Amino acid sequence: MTKAGTTVAAAHARAPVVRLPRRRGIELALIVLAVLLSVYGYCAVGIARTGTVPPGAAGYGAGLGVLALLAHVVVRIRAPYADPLFLPIAVLLNGLGLVLIYRLDLETPHNQAAPAQLVWSTLGFGLFIAVVLVLRDHRVLQRYSYVWVASALGLLALPILFPAVNGARIWLRLAGFSIQPGEFAKVLLAVFFAAYLAANRNALAYTGRRLWLLQFPTGRVLGPIVTIWLLSVGVLVLERDLGTSLLFFGLFVVLLYVATGRTGWIAVGLVLAVLGAVAVGRFEPHVNQRIEDWLHPFRTIEAGQGPNQLSQSLFAFAAGGVLGTGLGLGHSILIGFAAKSDFILATAGEELGLTGLAAIFLLYALLVERGYRAGRALREPFGRLLAVGLASLLALQVFVIAGGVTGLIPLTGMAMPFLAQGGSSVVTNWVIVALLIRVSDSARSQYDGQEAA
Amino acid sequence: MARYIRHACAFCALLLAALLVNAARVQVVQSGVYDDSPANRRGAIARYGQPRGDILVGDQPVTGSVDTGEQLRFERSYKDGPLYAPVTGFASQSYGTTFLEHAGDGVLSGTDPMLSPLPLWSGVTRGRGRVGNVVTTLNPGAQQAAYRGLAGRKGAVAAIEPATGRILALVSSPSYDPGQLSGNGEAVASAWARLNHDPEKPMLNRAVRQTYPPGSTFKVVTAAAALDAGVITDLDAPTDSPDPYRLPGTTTRLTNEGDGCGDASLRSAFEWSCNTVFAKLGVDVGAKDMTATAAAFGFNDAGLRIPFSVAPSTFDTHVDRAQLALSSIGQYNTRATPLQMAMVSAAVANGGQLRTPYLVERTTRTSGVTLAGSGAHPLRQVMSPSTAARLKELMTDVVREGTGRRAAIRGALVGGKTGTAQHGVGNSGAPYAWFVSWAQPDDQPQSQVAVAVVVEDASANRGEISGGGVAAPIAQGVMRAVLGL
Chain A
8 MTKAGTTVAA AHARAPVVRL PRRRGIELAL IVLAVLLSVY GYCAVGIART
58 GTVPPGAAGY GAGLGVLALL AHVVVRIRAP YADPLFLPIA VLLNGLGLVL
108 IYRLDLETPH NQAAPAQLVW STLGFGLFIA VVLVLRDHRV LQRYSYVWVA
158 SALGLLALPI LFPAVNGARI WLRLAGFSIQ PGEFAKVLLA VFFAAYLAAN
208 RNALAYTGRR LWLLQFPTGR VLGPIVTIWL LSVGVLVLER DLGTSLLFFG
258 LFVVLLYVAT GRTGWIAVGL VLAVLGAVAV GRFEPHVNQR IEDWLHPFRT
308 IEAGQGPNQL SQSLFAFAAG GVLGTGLGLG HSILIGFAAK SDFILATAGE
358 ELGLTGLAAI FLLYALLVER GYRAGRALRE PFGRLLAVGL ASLLALQVFV
408 IAGGVTGLIP LTGMAMPFLA QGGSSVVTNW VIVALLIRVS DSARSQYDGQ
458 EAA
Chain B
95 MARYIRHACA FCALLLAALL VNAARVQVVQ SGVYDDSPAN RRGAIARYGQ
145 PRGDILVGDQ PVTGSVDTGE QLRFERSYKD GPLYAPVTGF ASQSYGTTFL
195 EHAGDGVLSG TDPMLSPLPL WSGVTRGRGR VGNVVTTLNP GAQQAAYRGL
245 AGRKGAVAAI EPATGRILAL VSSPSYDPGQ LSGNGEAVAS AWARLNHDPE
295 KPMLNRAVRQ TYPPGSTFKV VTAAAALDAG VITDLDAPTD SPDPYRLPGT
345 TTRLTNEGDG CGDASLRSAF EWSCNTVFAK LGVDVGAKDM TATAAAFGFN
395 DAGLRIPFSV APSTFDTHVD RAQLALSSIG QYNTRATPLQ MAMVSAAVAN
445 GGQLRTPYLV ERTTRTSGVT LAGSGAHPLR QVMSPSTAAR LKELMTDVVR
495 EGTGRRAAIR GALVGGKTGT AQHGVGNSGA PYAWFVSWAQ PDDQPQSQVA
545 VAVVVEDASA NRGEISGGGV AAPIAQGVMR AVLGL
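If you read the sequences in order, they're chains A and B. Using the numbering used here, count along the first sequence one by one with no gaps and you end on 460. Using the numbering used here, count along the second sequence one by one with no gaps and you end on 579.
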């Protein structure tokens, strides 16, 4: 008996302090790999098209490498416990996006998008570094939730004052730059939703009236958030940006479910989504057309008007097959004006094949899963909901755009995170990754230095 | 909360699975359907991504490829386009291919399995092999002589080497430059519209795709039938034929252009092209034997390919005696392509044997290595050798002292037959001038060339249109080019 007692005492006496591995070396190695892969892709395009390594290869590699290393150094200093996968995946996706845009630029000499994308990516890296440096604790964000929502609504409303482009009123054109404020708004809204739901989740889950199977919260609790959500969706419908309104809706439902744990919210969400989709699909000509295109992708061909963008996109995917034609050797430029933005995945599908496409999907999946994992590891609700919200944003966006261009769901014009041409999108996604790094750093550092039980 | 986060994560995994399954559907299961869609330009881009093989005349390419740097990169170009258009046809990115460009497309565009280095290799790679060339049988000198001879008048020339069936010249006039149709731009569309609406029909291949009433040149066929059937045994015996000749069962009287046709011998009737004599001969031979002989020469054969299809020449098989009489002098429903009449002449020149005509000597790799030769072309005994010998004699007389004197060539034995075919309602149209002939150099045992010429010149003075005056000199030019005399 005494013997046993001494053993327990001895164990207590040693009481080792847990040292969590920081894994910054793994991150560095993966970043180097990501940069090398991007440079390899860049060279492959040049060799396929002209037979020589493109003259900018060294500069491209150096630029991407320096930016990625800077980001890594900042993470190493300021967020040493962060998940080591976020940064390499983002670098690889951004690098691959630049390669694909450069590759498509070769087909459209009058319309060069890669240089601008490089500038925006640099800005994205800059913002990433700024967020990681300045934001010491993500909980600070919770304090200003009404500032975020006000700015989000303002940003969303701004483009109404500007002329519509390609049927959607979502751009700001200033001094040669075009910005999509809705892109920034979605991060701000995600932060606001997380903050509000974290603060009110008990009220949402346990107060109010019970109606049939559903526990409805009081209007005082539910009112403000539904109003804001309706406002943002209403503005987006006005601007005909249905992809983003779908995204907000999905984000809202997922966060509500995670915050309250009530499956009923998902049911309500689905019913509302179906009702809304039917109503909009029937009465909005722009959307109606998209749905018709989705149901009958070859409608325009049968009518003798030639293939539309969706059928061209399907042709591109089909041409890729399992292994793809090889970088630079496809013809996805046939898709037309949105080849570098909404349809960039078709180029990946054609030139990298199903194999490459699956790899890209898995990169996104890994990014999302790591986000969820960070959320689960945290102990306070705001951080949890923030991580889940940001990861869900990425997941939903990838699903909506990839499902659209492959004919799984009706097409909505949205940007593939990191891959697609589009400045606001790249910058926003870097901010999302920065926030995820911050959250995952908190999640893991909270265990560090604790005594083992 | 952690449980709900796991649920949300599972939901995202479900979305990912849906994306992957759908991508596999598009890229693997359905890819064949999408690849084969006529609206998918990838096939055309691959097709025009490399220079097309060439069509060769006398070892020189008459075609080429121009790198436009556009999406459909290479366009067809033609040297002497109008001269060779009835042979090459066009290869257009917008309007497809015709004639040899069409018949030889597999070799020219590189899809022919023979071009692949290993058997079945192209099936495995799904890629395009190297392209090959098509070598024609044409004699460039003869082709040029024929084109020059027609000098822009509406008409056509076909020339054959009798012993082999090799086509030495195939000319149609007026012609066009197929290079105008090569690309896919607006200029091509307007050229296409202009050529299709041109009343002169420059894209019509008159040598093989247009049939004409052969008129008196058909008398070669009728004479062959009469000699083979034994209706005529002596070329110089009177034929017991009236002038004018009343068509059997009608009151219509058939007359001649000149005198001296009453009871004329076959020799003089052939020499002076007596309608009455040959109309009666056809009736005497009978529909069955006339049809059989015409068919042996190639009439009523819808299956002739050289390798592109040739419009069938016709000899009506369901006729009464009056119609038979008219059919036998190349009128009524008797119609022939210039190539068909060249075959008639070639059969006579070749001792009664007819080789099926052909235009492709061989196909080769671009290196010159032969892929496929022309092979043995079917041989047909059209008439007995003695009949052929007697017809040769008759045709020689026509050139020596009859209506075809303008085809004579010093240093060669030349035989011919003129024709002036009437057409139109009540013979209102300007007659077609015909001439069929063959030529045998004095120092050779065999004829080297058989030619048929038709000129449909509506603007010429009606009295001057005659096979001997208009068509014979053109035939002479072609024969001289072949013989080198």
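Check each hint, because a few of them may be wrong.
Unchecked claim - Derived coverage of chain A by chain B (criterion: at least 3 residues anywhere in the stretch with Cβ under 8 Å from a Cβ of chain B; other residues may be distant):
#: 1; stretch: 102 to 113
#: 2; stretch: 122 to 135
#: 3; stretch: 257 to 267
#: 4; stretch: 404 to 417
Just so you know, these hints were derived from the structure itself, not from any lab. Please read all numbers here as calculations on a predicted model, not as lab measurements. Note that CB positions come from ideal geometry on N, CA and C, so glycine has one too.
Hints, one by one, checked against the model:
| no. | hint | result |
| --- | --- | --- |
| 1 | 102 to 113 | violated (count 0) |
| 2 | 122 to 135 | violated (count 0) |
| 3 | 257 to 267 | holds (count 4) |
| 4 | 404 to 417 | holds (count 7) |
Hints 1, 2, counting from the list given before, are not met by this structure.
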